[in-house]
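Asker: Counting in the numbering used here, the sequence shown runs from 2 upward without gaps.
No lab work stands behind these hints, which were simulated from the structure alone. Predicted model, so just to flag it, every value in this text is computed and none were measured. Don't take each hint at face value.
Unchecked claim - Derived lysine to any residue pairs resembling SDA-like cross-links, with alpha carbons at most 25 Å apart: (1) LYS47 x GLU33; (2) LYS69 x LEU96; (3) LYS101 x ALA20; (4) LYS21 x THR121; (5) LYS38 x SER83.
To be verified - Using C-beta positions, here's what the derived DEER-type ranges look like: (6) ALA94 x GLU30: 14 to 20 Å; (7) ALA41 x ALA4: 47 to 53 Å; (8) GLY22 x ALA73: 15 to 21 Å; (9) SER106 x ASP57: 23 to 29 Å.
Note that the Cβ used here is the ideal one computed from N, Cα and C, for glycine as well.
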Amino acid sequence: MSAFDHVTTESAVKTYEAAKGVFTALLDEVRELSRKKPEATLSASKVKLINALLVDLLTFLEKEPEGKYLHALDDSALPQTSDALMMMVQFEAALSAYKKRYYRSVSGRGYSSSLRYWITEEQLSEWGSLDEDSDFDDGDSQ
Numbered sequence: 002m003s004a005f006d007h008v009t010t011e012s013a014v015k016t017y018e019a020a021k022g023v024f025t026a027l028l029d030e031v032r033e034l035s036r037k038k039p040e041a042t043l044s045a046s047k048v049k050l051i052n053a054l055l056v057d058l059l060t061f062l063e064k065e066p067e068g069k070y071l072h073a074l075d076d077s078a079l080p081q082t083s084d085a086l087m088m089m090v091q092f093e094a095a096l097s098a099y100k101k102r103y104y105r106s107v108s109g110r111g112y113s114s115s116l117r118y119w120i121t122e123e124q125l126s127e128w129g130s131l132d133e134d135s136d137f138d139d140g141d142s143q
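Please model the entire structure based on the sequences and the hints provided.
Answerer: Now the structure itself:
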């Protein structure tokens, strides 16, 4: 039993960290395209590029509560920029929820102040049995 309600994996965190910056840049581009021409159809190459990233994100986001609302863009019927933007904004919200859920303040691990950690199975194994550590605080205590 862990002191944390939500635990992810190092693999998911690595995918998150590798994709987050690229996702943000693509989202900014799609926002700009949508602002200029919301009804314009995305090219097949743009959809392929966006989908490559979305599919990577789905490897871990589909298991999250927000995951049931996420899917890659339909490459058989190319979407309008505004439709692509709507889906990507849902991914943005899911990524934000993922970080809030798993990137937590932790104090008591021999440090005088709280530090932030990704709460992963691997991190918990490294720390050992948290329930036996009386100095441990998950940072959420009021």
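Asker: Look at each hint and say if it fits the structure.
Answerer: Hints versus structure:
1. LYS47 x GLU33: holds (14 Å)
2. LYS69 x LEU96: holds (14 Å)
3. LYS101 x ALA20: This hinted pair holds, its Cα atoms lying about 17 Å apart.
4. LYS21 x THR121: Within the cut-off at roughly 18 Å; holds.
5. LYS38 x SER83: holds (8 Å)
6. ALA94 x GLU30: 14 to 20 Å: holds (18 Å)
7. ALA41 x ALA4: 47 to 53 Å: Check passed, 50 Å falls within 47 to 53 Å.
8. GLY22 x ALA73: 15 to 21 Å: Given range 15 to 21 Å: holds, Cβ gap about 20 Å.
9. SER106 x ASP57: 23 to 29 Å: Hint holds: Cβ distance 28 Å, inside 23 to 29 Å.
In the structure shown, no violation is registered for any of the earlier numbered hints.
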